[in-house]
Amino acid sequence: MPILTKEQAKVILTKVLGYSKADECTVYISGSDGGNIRYARNSVNTSGAVSTTTLQVTSAFGKKSGVATINEYDDASLEKVVKRSEELAKLAPENPEYMTLLGPQTYGPQSPAFSEITAAVGPKERADAVAQSLAVSKENKLNAAGFLENSASYSALMNSKGLFAYDTSTDVAFNITMRTSDGKGSGYATRGYNDFSKLNAKHDTEIAAKKALSSVTAKAIEPGKYTVILEPTAVAVMLENMFFDLDARQADEGRSFMSKPGGKTRLGEQLVDERVNIYSDPWSPELPGSAWAGDGRPQEKIDWIENGKVKNMYTSRYWAAKTGIKPIPNPGSIIMKGGTKTLEELIKGTEKGILVTRLWYIRSVDPQTLLLTGLTRDGTFYIENGEIKFPVKNFRFNESPVIMLNNLDEMGKAERTVSAESNQNYLLPPLKIRDFTFTSLSDAV
Amino acid sequence: MKRRNFIYLTGMGAAAAMLPAIPVWGNEIPIEQSLEYVDPAVKKMLSDVALNAARSKGATYTDVRIGRYLNQYVVTREDKVENLVNTESYGIGIRVIANGSWGFAATDKMDKDGIAKAAELAVAIAKENSRLLTSPVQLAEQKGYGEVSWKAPIEKNAFEVPIKDKADLLLSVNAAAMAGGADYVNSILFMVNEQKYFASTDNSYIDQDIHRIWPTFFITKINKETGKFETRNSLSAPMGMGYEYLDAKPEHKIQTAMGVLYKGRYDMVEDAKQGAVQVAEKLKAKSVEPGKYDLVLDPSHLWLTIHESCGHPTELDRVLGYEANFAGTSFLTLDKWESKKFNYGSKEVDIVADKTQVGSLGAVGYDDEGVKCGKWDIIKDGILVNYQAIRDQAHIIGLDHSQGCCYADNWSSVQFQRMANISLQPGKKPLTIADQIKNVDKGIYIVGDGSFSIDQQRYNFQFGGQLFYEISKGKIVGMLKDVAYQSNTQEFWNSCSAVCDERDYRLGGSFFDGKGQPMQSSAVSHGSATARFNGVNVINTGRKI
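In order, the protein sequence lines correspond to chains A and B.
My numbering numbers the first residue of the first sequence as 1 and each following residue consecutively.
My numbering numbers the first residue of the second sequence as 1001 and each following residue consecutively.
Because the hints were derived from the structure by calculation, they are not lab data.
For each residue, glycine too, the CB sits at the ideal point set by N, CA and C.
Where hints are given, some of them may not hold.
Only pairs whose alpha carbons sit at most 27 Å apart, straight line, appear in this in silico DSS-like list of lysine-lysine [unchecked claim]:
(1) A:K322 x B:K1249
(2) A:K202 x B:K1127
(3) B:K1292 x A:K225
(4) A:K337 x A:K225
Going by beta-carbon spacing under 7 Å, a handful of chain B positions derived as facing chain A [stated by the list, open to error]:
(5) W1102
(6) A1105
(7) D1108
(8) I1125
(9) A1167
(10) L1171
(11) I1222
(12) Y1322
(13) N1325
(14) Q1462
(15) G1514
(16) Q1517
(17) N1540
(18) T1541
Chain A regions said to be covered by chain B (calculated; three or more residues, Cβ under 8 Å) [claimed, not checked]:
(19) 127-134
(20) 247-256
(21) 303-310
(22) 400-409
(23) 431-444
So here's chain B without its partners, still in its complex pose (with noise of 0.2 Å):
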């Protein structure tokens, strides 16, 4: 899995166990290679290549994505740097139809032939496999956009920030997590720029510009005595941005009676430094009694909950059972859909999906097949309303276009159905993180994501999280530890009785969203507002080995 691949990477963990030591993403290259970018010109002529070979060949549509990904990791741990590496991904993935199937070949042999092979051999697949089709794919209409081209809207690009500011950047967490009582940090700062080109038959020529960014930190602290130990994992989120990000200004604060959270920009050093007091209170924290409890959940744990409990059973792909065999079906089966009354959640629960917000993950101008990207609603006011398409499902929902979810992440992948940023929409009322907890007689206020797990069906789940606060008559009484929820989705979301309003909306989301065979990763944010979540089920996680 690349989630794992990525823990590896960076050193820490667990999973380095079973896998080769060789980078994972990419070839390695130097860092102010990754400033130089490949001439649209040049992208125009060798998609012509492919989709020339392709139509030769008997293909009836084509489409030709070449790919440029680039990815720049700072690992450090305490003191010291780590590991210090530059990715590069070069190379052009090739979709037909032909004989009405499917048929994908990618290569990184860039000269004409070697494209003209791996068209050819795209359309030899689609014809071979044709014999196994049940009816052919059957695409949406999409008009083409010509040359175009779309740049992230950002204001630093990350991959010119010199190394050493990065690193002296994570030193500095480091030394402010050590400095207030850790044992050991490890921090990072991943970031990506995707450069991909997309070409078809519609006619369109896209040239795209995708930057993301995140830092994050690992803070452990033991008791020496008992040999316990607790982690307290950053509270920033993966975010669609430039290195300003970085750069986190007063009004980005915001002060709660737990300590200090982030909106849209994220002071590291000051997260590490609250961290390091935090995790020591994890360690002498009260060990949760079983139970239901009103939950308060903040934004930096809740996108969690809304990613696995409402983005993916939306996906139509897993709705319709393309994702039977791993990822999994969907419980929001089309009659639900169909009955316009398929009640979801409570009426606080809106929820949109939005290809097009500034500063998400999932913001792109143009799909991976070539689709403008929009916004929609998937649940409005706890009705199920909408899901996630692309051009060969649209037709199935009758849809007479795609709402442009297509994504691969690597131009050797094929493209497919992957989640838009979906989002819970602020409550209309004023509303603050301080009413909500005034309002909780016996509850739990939850901070940052932890362990988490769902059903192939999105029925059951179980979340865990960073930082769990006992609420007692309106007030935080004190921490809380071995804490997880389990619930239902449907119970779970018309149990939510209160949203926060939108000066409160913050995003948060994953670089690490595994779909497919073989899996792919997609980047996705979720934003939302503190929401209440009345009598859920809690269980103490608290063993003895």
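Just chain A, same shape as in the assembly (with noise of 0.2 Å):
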């Protein structure tokens, strides 16, 4: 089934609802197409073009829920599926924290998340742009290995008390590694867009190779505290460990690192250094999100930390009407803002420090402190006098992102980034942090 207008999706969701006998009826539909092409070894490898579409029914009988998919668009199949999560809600157990459904919301108007150009984007459109990005491995004689992703996607939410929602996006994520034929140097780039015709798959591939050929003969030097500058895509897995746990619920309750004793949380507090600011902005021109939630909720401009201080926390409607407070949801994506300075500015400042491309395999050691652990990768660089002095092994690091928001010594100018953890992406600045903790080397390259 091709992406549906706004006016398909209603028509067909409000025959679905047409079929409702529940106190209570929410149905969903959703689709997307999209292709992929992977490289490795110079090679193109596996690849290929998926394409899938999902109509849930959700139905309610008092708090006893249940929910029902089909992937067929016929009028016997659609009763069908209504009948079946009818019949699965008179089987579940009643669920004390069931919310009644939301009645009509106004949204703000649909972010410019869809382009005409990343939809039609097919097999050529892919091979042509890894070609450019092969042609480059070749010239520097390395090693390429990446990915390249395009999607394009709708989905639309209707309910029995006449909510109505919609929303189109397209998606391309490109991400590169280049090694150098010994092993002994790796370079990476990433990159998230919207617009394909943004994706310059030759220019992200040759800071990949730059990064590679120059990590060569990398030196040991020991594991302590230095001050690392870390690139957008190192600064996206640090924090979104912390995004993940800003849930009310759970600071409440006494168990996130927002918890504090005696069932208090540390918001409105300062929590790490004043200049950070970080918010989530659906209507944001370089990293455009829904503007609504999965449960019909409406996005709005949310400040999250506002001069170091953490301003809201995000909640299920169930937690925020047992608390009386405001129903936040969950943010589509994250944006922190940064400085003026560009990476080299950063590194140009830096009398002694490293310079970190990429974090990898990040994982929480302590949810009390957000101790995350993870290594350096395909790409860290001493820096000395402002300038790049020679490639260093890459390290362990045992380090909460909250301490390193707390030893902030600058910031970079904002860019859109991926998490290579999540997929995720972010509009995130170049931090340059003071006492970063490495504890071991690591003799990957």
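Can you join these two chains into the complex? Each is in its own frame, and there are hints to help.
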């Protein structure tokens, strides 16, 4: 099924709701068309095209609810899926936390997340982009391994109380690792876009190539506390672990880094450096998101950390009602305000430090302090007197994003980046951090 | 990431933040429908449509996977059933070779026209991509098996157990934890049924039925005065079994100094009861003094270290560089294997790959490119002797056949090399857990898996755990906290000085081994008996914010 327009989605969802006999009913439809190409050892590898759709019906009798879905769209199938969700609801145990459905909502305008250019991309365009990338590896006698994926998707939500929401988006992901043929140097670059025409595979591959060539024969330096400059993708994997834990209920229950003794939380307290401002904005031109959350709540621009103080936490509708707070849904994406300097200018202003291209295999060590562990990867360099002096061997770190943002030295210009761990897109600056804790060396290149 | 999706779906965490509130694994369906199998004759007919369509467009090889992937989750917290989900995903994935290049397309439009179109698209992609090839795909020979089938040897299909029984079990688990003093408890039953059909131009038509189950819980206790909290997770293992996994008899229980451990089957309520006591102990435990310790590692912990430091570096796709952009490469390069003397570990270290192990997560009759599965040595007497390969890699290590390690996590995902069950073999001399502890002067006994992280070539790793017991002069003297060990793979496995005998051999494993782009999850088991590692570096992970 192609990408449905708002009107087409409305017609089919209205028809499905017409079959409902439950106290409350929600219908949701979504679909995606996409393709990908993967290459390694300078040659194309697995690649493919995937097309899927889902129609989901949630029925509720009192506080008992059930869910069923189908991917056939004739009248009999639509009636069947509604009946099945109702049967399941009758079997389900009562959930005291079930919340009655939202009525009609007012959403902001559709954000500019859909690109016709991206939606039209096929095998040829993907292969052309990869050909440009492979040309760079050939020219530099390097080994390329990369991935390019594009998709177009839509989603629409309607319920028996009159709520209707619709959204479309397109996504492009490109990431590339270049390695020297002797395996002693490695470099990486990653990009995320809504619009395929912004992709410059050659340029990004050249960045990875430069890092690979200049990271050969890395020196081992002692682990310990160092000033680091984290490139935006390295910042992403550290900070997202903090965003993932900004849930009000977890904090109130005493089991998150936001909790304090006696059922209190750190909300409103100075948590990190006062220059830290983190927010979400579905209408950001660089990082557009959906105007509504999955349960139909409207998304809005929300400040999460303002001048270093936690301003808001997200919450379920149930917990918000129980505790009397505003029911702010999980954000679709996160933005951190940056400074004005480029990465090069940050390096220039650094007396001694380490430039980190990428952080890898991030895992929580202690949820109470948000202590994380992981390693540097694909381009780690020693900086002295404002210049990159030599490549250094990779480190394992043990560090908390909260401690890290308290040791903030300087921020660069924010740019769109992608977490290599969650594939989530963010708008984040490179950060210069004091006393970042490296605990051991790794032989990995 | 799928692991993250799971965390989201179960409503436990953290990662909820960034994900849309939409089911993540597929379509949700009522319970009764999950019991209807698609007739193999229908699947053969649909497969032939794809095989013929691809051939007519110029494919020189085609394989087809028709998959029906069913999941059921029962999710609870304290005295509430939070979520009851049935998901189904049904569709077809078609992989071809044309002009020497791979192409793949997947669709859920399961009529003849939809399938033929997907086959044509797969061929078009292969042809388009062939201009980017350095050499054509070279497949190891594979004889066709004709029409065959394989079923996991389960005793009780978990999908046939009434929802009420499952909800009641989890609520009893939660009640046991709360009665034991827990502040919060989440518990989950996660059940999987993969009904998958494989057909290829090698004349194989293979119908398989695979079952997996994972009961687990997470207990939290908070010190109200200090605000400190600790968690104790279930000591269960995800298994390639039916609901019988939850029916533990006395012979499935190992009594130890720290409590009961489970072998082959699991008593979830009993573990929750002891978990509540242990989480309280964790809150009062002594913070570890960093330094070198002899570690005694329980199989409920060691499986993850085996997975990361032996399973992954011996995957041939990583060795060759296919994963360089994401999961990484491997320090176990071909020259180390060719030398026949690369000392991966001590003489105690025998590691075996086995895709046939009964009850394991990776057990299947045939892999996802139609290769009958088997068992082989990976590390023998501490020496690297083999890798894990699939059809288009076999020739690189001089094999004339695939080792059957190909897997796709869904009909919509392309199959590629995934980890077999990789297990440390038990010691040959009689040795119990009590003997291991008795022989240690200064050490830590670690039970259960915790935080885990390893570099992209699998040298440097750091592992936490669930329970840490200080061993002094052959005796357990109390519990420790803030423990993690950091080591280098080769150094660590060379420090392995003793492995308990087969009486102690148990499986651990994961539903969520992530690899590939787009990322796919694979379920895999790792067996071992309690093993000792000498002089490992332990760090203290306590911090203040």
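- Task: Could you tell me which of the numbered hints above are not met by this structure, giving the numbers in increasing order?
- Result: Result: hints 1, 10, 15, 17, 21 break, sorted rising.
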